[in-house]
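Participant: Residue numbers (this note's numbering), protein chains in the order written: chain A, 16 to 395; chain B, 5 to 323; chain C, 487 to 738; chain D, 4 to 233; chain E, 718 to 1003.
FYI, nobody ran anything at the bench for these hints, they're computed from the structure. Nothing here was measured: the structure is a model prediction, and the numbers come from that model. Treat the hints loosely; a few may be bogus.
To be verified - Derived lysine-lysine pairs resembling DSBU-like cross-links, with alpha carbons at most 30 Å apart:
| no. | chain 1 | residue 1 | chain 2 | residue 2 |
| --- | --- | --- | --- | --- |
| 1 | C | K608 | B | K12 |
| 2 | D | K208 | C | K695 |
| 3 | D | K131 | C | K504 |
| 4 | C | K677 | D | K227 |
| 5 | D | K107 | E | K797 |
| 6 | A | K361 | A | K179 |
| 7 | C | K504 | B | K196 |
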Amino acid sequence: STAKIGFTYIMSGPFSAYGQFAKQGAELAIEEINAAGGINGNKVEGFFEDSTGKADVALRAIRKLVYQDKVDMLIGLDSSGVAKTVVPSIEQMKTPLIITHAATPDVTGSVCNKYTFRISLNLAQNVKAAALLAKETGAKKWTTVGPDYAFGHQSWEYFEKYLKELNPETTFLPKEDVAFPPFKTTDFSAYITKVMSSKPDGVFISLWGGNLIDFVRQASSMGFFNGDFQVLFSLGAATEVLTALGDKMPEGLWVGTRYWFLANDSAKNKSFVDSYFKKYGAYPSYNAHGAYSAVYAYKAAAEKAGSLDKEKIVSALEGLKLEIPTGTIEFRKGDHQAVTDAHWGKTAADTAYPHRILKPVKIFNGQDVTPSVAESGCSM
Amino acid sequence: MMKLLRHKLFGPTVLAVLLFFAPLIISTYSVMILSEILIMGLMAISFNLLLGYTGLLSFGQGAFFGLGAYCAALMLQAGYQNLFLILLVGMLASLLASLVVGFFSVRLDEIFFAMITLGFGMLFFSIAHNWLDVTGGSDGLPVFVLPSLSLLGNEITFYEPTRMYYLVFGIVLLGLVLLWLIVHSPFGLILKAMRENKQRVSFVGGNVRLLRIVAFAISGAFTGLAGVLFCLFNSMATPEFMHWSFSAKPVIMSIIGGTGVFLGPLFGAGIFFVLEQIIIQYTENWMLFLGIVLVPIVLFFPQGVFGTLRNKIFKQGVK
Amino acid sequence: MTDVLRIENLGHSYGKFKVIEDISLSISKGEMSALIGPNGAGKTTFYNAISGHFPPTRGKVFLNGENITGFAAHRVVDKGMCRSFQITNIFAALTVLENVISPLIIQQRKHFKIYGNVFKDKQIIERAMLVLEQIGIADRADQVVANLAYGDKRLVEMAIVLARDPSVVLLDEPTAGMNPEETENMIKLIKKLANNSGTTFFITEHDMKVVFSLAEKIYVLHQGHLLAQGSPGEIRSNEHVKEAYLGRKVHA
Amino acid sequence: MLKVKDIHTYYDDSYILQGVDLEVSAGEIVCLLGRNGAGKSTTIKSIVGYNHPRKGSITFLGQEISKQSAFKNVRLGLGYVPEDRRIFSELTVQENFEVSFNDKTEIRWSIDDLFSTFPLLDKFRHRKGGELSGGEQQMVAIARALAGQPKLLLLDEPCEGLAPVIVEQLGEIILRLKEHFPILLAEQNAHFALEISDRGYVIDKGLICFSGTQQELQNNEEIKTRYLSV
Amino acid sequence: MEILLLNILNGLSWGMLLFLIAVGLTTVFGVLGVLNFAHGSLFMLGAYLCMQTMQLFDSFWLGLLIGPLCAVFVGLLIEKFLLKRVYGRDVSFQLLLTFAVLLILDDAVRVIWGSGYHVVEPPAILNGIISVAGQDYPVYRLFLVLIGPLIGGLLWAFFHYTKWGKIIRAASFDNIMAEGVGINVPLIYTSVFALGTWLAALGGALAAPQQSLIPSMGEKIIIESFIVVVVGGMGSFPGAFVGALMLGLLESFGTVFAGRMQMAIPYILLAVILLVKPTGLFRKGV
Ligand SMILES: Nc1ncnc2c1ncn2[C@@H]1O[C@H](COP(=O)(O)OP(=O)(O)OP(=O)(O)O)[C@@H](O)[C@H]1O
Ligand SMILES: Nc1ncnc2c1ncn2[C@@H]1O[C@H](COP(=O)(O)OP(=O)(O)OP(=O)(O)O)[C@@H](O)[C@H]1O
Ligand SMILES: [Mg+2]
Ligand SMILES: [Mg+2]
């Protein structure tokens, strides 16, 4: 018999790189687990579906996995919007889901449910770490550049909230003076001009992917990084961004990520990075890590439950503690969010790598950056 | 016998009967796909009231579809559970919105009409995408409870896929019957006349602008109805429904199926979904293959797949 | 006050380019009149300006005593004036019958009726068939217009106009492109209609045979101005008109 | 010069020309008469190369041209004046001539020659084609065909919709052009056509049903009443 | 004041890029009558091919020269085997066919170059910074601001003062009659599509040092170029210029005044112009 896992990622279109990373991570985990005898003696089989990044398509994909392929477990989801709108239907399908990328706090907050878990660092955790860091920098007046959709706005909202709590002295530019370029923007010059002319002490930037690459390059050429202010990139340490930018990424910038492959020396992490590199010839991105770890989380839950029964898996996942490459995590009972460490660091050149690495790395303990269940607003 | 076969209601009746009994034979997942085909088919046929009958290529139907969906999601969120009320409000909201958009758009033609409706559609998209407090912004609105229907003292819920299918089937059938009546009414004939020659219509006394606005509003209302159903079926409303790429779907479906036949766009929707399912099964490069499949459809089926095949078969029948 | 159509000081310019200027005329009920003039004199422009194709830049148009200047085309038709076009303007993909039914639906204010089958509407169908019979294409009622011969298309154009039962009919070159036999029939048809229904016809034509056999009164347009008006006899002998338009050789 | 032999032309499935034969030799004006829809324009279009006959041959200057694209035939020396004139409405009159100008052959009509042949057009030189009246456009259409340095001119109903006085002028122009090249004239207006042509064919339902000299045509009452309704 | 100047420069440089894309689109529409949905994909292809040639020869200028020419080859195939068959067909069919081409090109590029991000470096002489109004400003952007009018001016002269240009305009008004005066219309169509492709691909190559390359990079620009083309008047050359500048500047200043409705700026512009002037700012005429 087999344990069937259904994966739903963006496999096509502009953001398919994320789906490809996740698929690689998942396939690596499945291979390793099968080589070691499977889950409770069951061979693991992966089913991959394409969400295309659209909510209705993602839901159709999940329905196919549940009703047609009859999977025991669901893993995936990249986009926050997709995750948030799909989650209510997960409850109808009575199949556990571990989210590995989508960062909106809501899926383990206002719209949380019994079947939905998240193993990856969420927006609140990442931004809390950013706020802790921002406090250390001592910058007083902050502004932001973020994509003009929920993620960008929420990032800024949380950043304001946390930093204000940490240091009531700080000020934040009002809504109309910060920069929220629409997601499709390729020319950031006007925003760069706007931010520079507002003369801040610190800029919190939540752009990601292609937006981030374009921004960094255009900002460099407009002298943005020579400015007299601190810059924090909440997702600047994503490997796909660092790889594309290569030595165009300025050194000495604070960048955050959901997983950094050099952040810890644990045997788990070392073996993951090594086998991943051996198999794919690249360092694992956070999305590869998320999918890889989620498969192991499923394994741990199944072993704890001693069964593949979906309801039992759900109970086993609640409160489950396990070590994954990024560190030890716990799926909190109250909201099903993994309590996991957040990683930040300063960009630095290192000839051993084709791209910038983080030096020094700053690890924020999961307990310190994860808001309480009460704060998350989840009630199951 | 031959006469029966040739009766114009024969095909549609057989189709309706088949669709009614389909869930008994096919898998749950296929039932869900079929629900989706019916909903998109309703959208495409409403759209074709404009393209096929009135000669207007609207590239902003997503706006009305999305509006229907948001109305449903907001009402459910606010605790309104009455199915008919939700359907009615969704249609009315789309009707009003399309009256406004129509008022400004219908004096344009052809590609200009396509572009201005695209513009209005994207305006709606921008609002839905950015009006966080009401629409949930880019994330959209998740729906947690579905309305139920009390029938003969029984509460019927629609969480179960087959029941949802019958809900969709019933409403789409009703919608299509209404659209069919409209298309064959005096108004419908005037629409076709406008498609052929709007100048002539105005020179025999028809107020072309008003007629077009009404056509646009009817189309918008039924598109909104489809949107409500889509929201119920997927328990969500997202700005994506209003994006131009969503508005392109009924265009593609209508052309694939055939704009000259009433049910053509419904078949187009079916072909589109089935193609997509088949291609996705074999490759991640489904865009590439979808493109490759679309090319011969455009080149070799001038009346759409359904329209062209039907013409072929019937011609042979006559000979 | 028997003037059905009265035009006062009408003028029109395309941009700076004045095409017609200061045209005044009045047509009494049932009168058959014609507007002639060389190419580019502004006949079509004149028609467009009074029929609602575009508003004239100057002057006024009265129909049955009512000022209809600048009315949109469909309102002009509602007031009782309907026109044909120099270039055939019909519903190509519809059948002959549907071509005639369409104006009837509008005339009977049923064009916003979104239910019911027109082909079962006796009133409309009977009237439509009557018009087709008058015109002489009732036998082709079920044919798609696009497949008809040119002459028949012109007849459909007429049928559409007549279906609205207008009190004034403007015909822009009704026999252009027709063969002599068809032309002959068209002349007969127009005469018959004028006699039977008291409809007022106002036509433009280059075919002088048509003009002289139909018109009771002729207006000659030249470079945007009314050069002359009068009975066919007067026009035929008018030296200015001969000079500018008819030429010396026409013996029509 | 031009020899059309047994051509059969279709529009999609409809069989229009059912075996048309005709000939035009140097120095003559030949008219093609027939009532509405008889197939005159279709014949002209088949010769020009818009609607290739499925069967039959067309030779021009000894070259088989029945399967050749229109633009090649025009470059070879066919001047074409279509029945609906088709002036390039957004180009000025002069530009209309320039784009049609064939400089790959012996130049008999320079652009200035065209304006001196049609002095009426001179004052419209820089006016857009679309802003001219029907008669003016007809002049432009003929002059434009001359810019292609034709060796044979195909005129399709040049007097349709033109005022009698213009028709008169046109007749004179056509007679003058005859000195330069032969002309094939498709006409419904038999009065006009017979007055200026040397020979004529009568076409009906896609078949040539009569051919003869101007005199023969003028005198054949049967043909005149049956096919030309004169 | 400085902000004003910087915003104008930002708007101009984006506007000029838009202009290059839109002018190709509008020319192809004007002559072939086809609104090419895949135009943005040709832009994208130009950027990728520029990157590829740059990697081979290690010169941006060679990339700029050769990349777009390779794209033209692809364009020729598209015209010859696909577009040719839908000339004169209904707008909806043309849109669908070119949409299919878009799907094929975008995915094919993804298969060939992968879905990751790529970057292209501007050439050394344009890689510098100069000071504008007290702020550093990249030279490359100024280069973009200048190259737009330059290419635009050359094209304008071509269409209005050369025989070929006039012939193209004639064919755009009436292709059938153009054949009747001896113009090789199929050749004109092919050449014009090649020209349109070249302009799109050149735009892509010029944009490459500015923005990261991904297969979907044509998607934003195609919708905005549609808007520019319609706002300016379909087929109108000066229209494309004015439309592109308007949109570029509006988007640039939108960051200051539009707040949350930035995203809607192009669509508001489109709606307003079409309501005031239904055929766009300039009448048809290449
Ligand atoms: N849209 C326009 N813009 C500018 N000038 C125009 C326009 N339409 C027509 N004209 C000009 O107006 C004049 C009158 O044209 P009109 O079509 O009214 O003449 P007409 O008397 O109907 O001629 P015909 O007998 O040839 O049809 C002509 O000189 C023509 O060039
Ligand atoms: N595009 C077309 N498709 C189908 N049939 C056509 C087409 N064009 C013309 N016909 C038909 O071909 C026949 C011959 O038409 P043609 O235009 O050659 O006649 P013609 O002698 O030039 O008449 P006219 O005097 O009206 O110009 C007619 O019966 C007409 O209906
Ligand atoms: Mg006229
Ligand atoms: Mg003809």
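Participant: When the hints from earlier in the document are held up against this structure, which numbers fail?
Facilitator: Number 7 - this is the single hint that the structure violates.
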